[in-house]
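**Q** Relying on the hints, combine the two individually framed chains into one complex.
These protein sequence lines are chains A and B, in that order. Just so you know, UniProt numbering puts 18 at position 18 of the first sequence, and the rest follows in order with no gaps. Just so you know, UniProt numbering puts 205 at position 205 of the second sequence, and the rest follows in order with no gaps.
Among these hints, one or two may not hold up.
Here's a subset of chain B near chain A, in silico, CB distances under 8 Å, partners left out [said to hold, decoys possible]:
{"id": "1", "residue": "Val-36"}
{"id": "2", "residue": "Phe-45"}
{"id": "3", "residue": "Asp-46"}
{"id": "4", "residue": "Ile-48"}
{"id": "5", "residue": "Val-193"}
{"id": "6", "residue": "Thr-198"}
{"id": "7", "residue": "Glu-199"}
{"id": "8", "residue": "Leu-205"}
{"id": "9", "residue": "Arg-254"}
{"id": "10", "residue": "Pro-258"}
Honestly, the hints are just simulated from the structure, not real lab data. C-beta atoms are modelled at their ideal positions from N, C-alpha and C, and glycine is treated no differently.
Residues per chain, in single letters:
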Amino acid sequence: MNIFKKITNLARRKSPWILHYDCSSCNGCDIEILACLTPLYDVERFGAVNVGNPLHADVLLVTGSVNLRNADVLKELYRQMPDPKAVVAVGACALSGGVFHDAYNVLGGVDKIIPVDVYVPGCPATPESVLDGVIMALDKFGHGSNQGENA
Amino acid sequence: MTNLLIGLIVLCFTPFLGGLIQGMDRILTARVQRRVGPPLLQPFFDVIKLWAKEPLFTSAMTDFCAWGGLVGSAAALGLFITGQDLLLVFFTQAVGAGLPAVGALASPSPYSQTGGQRELLQLAAYEPVLLLILACVGQASGSFASWAPLALSEPLLPQLPLAFAALLLVTGIKFRKSPFDTAASAHAHQELVRGMYTEYSGRSLALLEVAHWLDTVLLLGICALFWASNLWCMALVVALVWLGEIVLDNASARLTWPWLLAVFWGPGLILTAVNLAWVVW
Ligand code: SF4
Numbered sequence: 001m002n003i004f005k006k007i008t009n010l011a012r013r014k015s016p017w018i019l020h021y022d023c024s025s026c027n028g029c030d031i032e033i034l035a036c037l038t039p040l041y042d043v044e045r046f047g048a049v050n051v052g053n054p055l056h057a058d059v060l061l062v063t064g065s066v067n068l069r070n071a072d073v074l075k076e077l078y079r080q081m082p083d084p085k086a087v088v089a090v091g092a093c094a095l096s097g098g099v100f101h102d103a104y105n106v107l108g109g110v111d112k113i114i115p116v117d118v119y120v121p122g123c124p125a126t127p128e129s130v131l132d133g134v135i136m137a138l139d140k141f142g143h144g145s146n147q148g149e150n151a
Numbered sequence: 001m002t003n004l005l006i007g008l009i010v011l012c013f014t015p016f017l018g019g020l021i022q023g024m025d026r027i028l029t030a031r032v033q034r035r036v037g038p039p040l041l042q043p044f045f046d047v048i049k050l051w052a053k054e055p056l057f058t059s060a061m062t063d064f065c066a067w068g069g070l071v072g073s074a075a076a077l078g079l080f081i082t083g084q085d086l087l088l089v090f091f092t093q094a095v096g097a098g099l100p101a102v103g104a105l106a107s108p109s110p111y112s113q114t115g116g117q118r119e120l121l122q123l124a125a126y127e128p129v130l131l132l133i134l135a136c137v138g139q140a141s142g143s144f145a146s147w148a149p150l151a152l153s154e155p156l157l158p159q160l161p162l163a164f165a166a167l168l169l170v171t172g173i174k175f176r177k178s179p180f181d182t183a184a185s186a187h188a189h190q191e192l193v194r195g196m197y198t199e200y201s202g203r204s205l206a207l208l209e210v211a212h213w214l215d216t217v218l219l220l221g222i223c224a225l226f227w228a229s230n231l232w233c234m235a236l237v238v239a240l241v242w243l244g245e246i247v248l249d250n251a252s253a254r255l256t257w258p259w260l261l262a263v264f265w266g267p268g269l270i271l272t273a274v275n276l277a278w279v280v281w
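Bound conformation, chain B alone (with noise of 0.2 Å):
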């Protein structure tokens, strides 16, 4: 009861630290090509503003949609603050993910449907890969509850370097980063802008920035599970995790989707199995 209390009270704030986490990725982006950059507070500057549009949807199903892929993200994220089984984290978040490309694909739009089609082979090259390394995380900690790491003393690091990498490659689509935004890039990067989010206006748009926001903090507590027998590691890892994603996101062009697929199912699924076969044996 407790754990239920101190997660929704801790889920309450995490749309402010997501988007103030987006807020500074996008200043330190605008640093890193010497420019100025926006206000902290821009992010959400952005979705009052779509929130307060006029409501303009091609289908019912968009709208939806978008409301399914926050109460995803949320309820993804709840569970995993309050300490509930990975896989279970997991599956949820699956659900949030791959409900803004059935919105999507709902329309007739040819960029809607290019983005949804690309986002649903996204999720297949990366999913699989996210699965092993919370497998990983679970049989070296001894138990698949998410606060099991923190009773550790020593950090898993050591023991999960793979599954460590290949949570890298994770981040990187999660937080639609390049190279590997191929779906709903917010920089011209591309020839597919917000390729994804192409019908999506308004509230429903407003929606699903902040499950952005919400995947974003899920992930970066997922890294932090890696050194959790020390807050300053904790904090450490993360802190680098972010960095080297917006260094990366700034100095690489997009692959395409075939690169996807081979990097997630080539690189990213052995170094999780072999990471994986190592701890049990």
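Only chain A is shown next, with the shape it has when bound in the complex (with noise of 0.2 Å):
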């Protein structure tokens, strides 16, 4: 791997800026993704940045199950990331539909729609596990040369 990859590597891992899309979710998991923000855990620490916009976006934490409704936002959301980009499902409801995985109009969890890269579980993810799953899906752009490229 020669110097420019390693720089470009390691810059992609210590600048993951965030998106976060709400599918569904009772808001449980929400607040705990806003308390990461907070002085306490401070994800700003990592060089973390909780950005609106997926064009400014590299890692997509969504919370909440998928339903009808919102199964093409998510997949515009996805689509208008640039890459390289992680997607990390957060608590019971992203990964399978939780509570909610019995109701008419639930597809399920998050990737049924989009691939995703890190799973968080909880009901709601604790702020240290969301946390540990940001830093994780930021492996995917630091190791070995070919990674990073297409996520």
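**A** Put into structure tokens, the structure is as follows:
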């Protein structure tokens, strides 16, 4: 791996800009994600910034189960994120539909619609595990010479 | 010729200086908010990452304007460092500052459109004030060359206190700090976060980020002219202005754009015009 590739991978691991999309969560997981921004967890220590724009984002955090209404929105947000990108599904609902899996319009977990890189379990997922999940997702940008090109 | 050579060498280092200033800004902002904050080199990581992302442009104009913005800012700083005419510096930086707004308006996205329009309003608010400030500096130091204040034995600040006060307003806008960051704030102090930058992504966002670093250095350089007779005082003025902006950014919410125009076209223009009249007569 040449030096430029190494520096680029380091920069990618050090600067994950996060887009948070709430599919149909009960807001439990969303509150825990927002807690990551507070002084207690301070996600900016790892260079992470919460951005409101898919064009600027590297990591997509999805909470809640996917249903017939929001599947297209989720797909569109994913499409608008430039490569390389990673997806982290946060909470039982995003993993499998959770308590809502039986509802008439629920399709299931996020991976029914877009490829998921890291699954963060919990109902709700704790801020520590969300941070852990984001950092695990960053490995996708950093190891091996070909990874990080096509996420 | 030697001026040009010195200027080019210094210009090569200013992006590093600008990035470090930005890194310190982010750490200090985090500390004010009782957080640890990112590492000092975070702005460099951000820019390298953005540069290496897949290029996605909604219009070719966006990328062109990002390059134009960077070239404008670099040229203005280069002219300033090599001791050229301050008015030339002013008009060059105005081109660099205006192009990103044009790029934002080239996209149909409503966020980008609103951001672009607000950026143009910001330009209309602060550019006349900045022009008058530079006119004050030129008048008071007897020459419009940017190095002229360095040759003076007395500092300019006692002669130009009102112009300096107006310059503090202008630095607020150029550093993209509250309460004046109506177009493209980095923080969620407002309803339109990163408005003008909505359609800039990857490489073009990286270019504008570097342009912003260069603008920061240029503005701090202009602040330094106000006490150019002593190197330590120069550094002190720059440090105080920079710290003051960070504290103000964290202590205030954003103004709406009518307020912005009222502050700059009212007190901003009056302060500089009165100071200019005082220096001329
Ligand atoms: S996993 Fe639990 S807390 Fe999270 S969105 Fe679903 S029901 Fe709410």
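**Q** Is the interface hint for B:Leu-205 satisfied, with its Cβ closer than 8 Å to some Cβ of chain A?
**A** holds (7 Å)
**Q** May I ask you to test the interface hint for B:Val-36 with respect to chain A, counting a Cβ-Cβ separation under 8 Å as satisfied?
**A** Check passed: Cβ of B:Val-36 comes within 5 Å of chain A, closer than 8 Å.
**Q** Quick one, is the B:Pro-258 hint okay against chain A at 8 Å, beta carbons?
**A** violated (25 Å)
**Q** Does the interface hint hold: is B:Thr-198 within less than 8 Å of chain A, judged Cβ to Cβ?
**A** holds (6 Å)
**Q** Hint validation: B:Asp-46 versus chain A, beta carbon distance must be below 8 Å. Holds or violated?
**A** holds (5 Å)
**Q** Is the shortest C-beta separation between B:Val-193 and chain A less than 8 Å?
**A** This hint holds: B:Val-193 lies near chain A, its Cβ roughly 6 Å from the closest one there, short of 8 Å.
**Q** Does the CB of B:Phe-45 sit less than 8 Å away from some CB of chain A?
**A** holds (4 Å)
**Q** Identify whether the interface hint at B:Arg-254 stands, where standing means a beta carbon of chain A within less than 8 Å of its own.
**A** At 16 Å from the nearest chain A Cβ, B:Arg-254 fails the 8 Å test, so the hint is violated.
**Q** Taking the least C-beta to C-beta distance, is B:Glu-199 closer than 8 Å to chain A?
**A** holds (7 Å)
**Q** Closer than 8 Å between Cβ atoms is the bar; does B:Ile-48 clear it against chain A? Give me holds or violated.
**A** Check passed: Cβ of B:Ile-48 comes within 4 Å of chain A, closer than 8 Å.
Violated hints, listed in ascending order, are 9 and 10; each of the other numbered hints is respected by the structure.
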